[in-house]
Amino acid sequence: MVAHRTRQKGVFTAELIVGMALLSLAIVGLTVSIQGISMFNRYEWTRHRCTAAAEAQMDSVVAVGRLIDEAELKRLWPDVDVTAERTPGAGPWEGLERLRVTATGKAGRRAVVIGLERYLTKDNR
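Counting with the working numbering, you get residues 1 to 125 for the letters of the sequence shown.
FYI, nobody ran anything at the bench for these hints, they're computed from the structure. Bear in mind that the values here come from a model prediction, so they are computed numbers and not experimental data. For glycine and all other residues, C-beta sits at the position ideal for the given N, C-alpha and C. Hints are supplied without guarantee of correctness; some may be wrong.
What the hints assert, rightly or not - Label-pair distances were calculated between CB atoms; the ranges are: (1) Ala26 <-> Arg109: 40 to 50 angstroms; (2) Phe40 <-> Lys122: 39 to 49 angstroms; (3) Gly65 <-> Gly115: 18 to 28 angstroms; (4) Ala71 <-> Gly19: 33 to 43 angstroms; (5) Ala26 <-> Arg118: 44 to 54 angstroms; (6) Ala26 <-> Ala63: 52 to 62 angstroms.
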């Protein structure tokens, strides 16, 4: 007995098209997720740099009693703007001085703002 094989034409082409479509969807999904991770990493890196600049400014005032020069801040953290504001304490903090340090940076379209505050005694001024 001889078995007749019938070959269906076009099945391989359809399978190939479906396989390519699924592969392209997987590649697009991977690309989008990698872009999201990249944006998150850029934001975290900028946040870390802003925090380091603000803490350095705060530590400088506590350790030596003066702010770090603007030129030195720009050399160490070129894309970070650091501002410091000193105000007298009020209420229960009267007699102390409040130091507020704000560091801002840009991560893509997002702005990163880090603010630190501390009350200083006469020894730290």
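To see whether the hints hold, each was checked on the structure:
1. Distance hint check for Ala26 and Arg109: the Cβ-Cβ separation is about 28 angstroms, which falls outside the suggested range of 40 to 50 angstroms.
2. About 43 angstroms separates the C-beta atoms of Phe40 and Lys122, a value consistent with the hinted range of 39 to 49 angstroms.
3. The given range of 18 to 28 angstroms is respected by Gly65 and Gly115, whose C-beta atoms sit roughly 21 angstroms from each other.
4. One distance hint, 33 to 43 angstroms for the beta-carbon pair Ala71 and Gly19, is violated here, with the actual separation near 60 angstroms.
5. Checked against the hint of 44 to 54 angstroms, the pair Ala26 and Arg118 passes, with Cβ atoms roughly 51 angstroms apart.
6. Taken as a hint, the range 52 to 62 angstroms holds for the pair Ala26 and Ala63, whose Cβ atoms sit roughly 54 angstroms apart.
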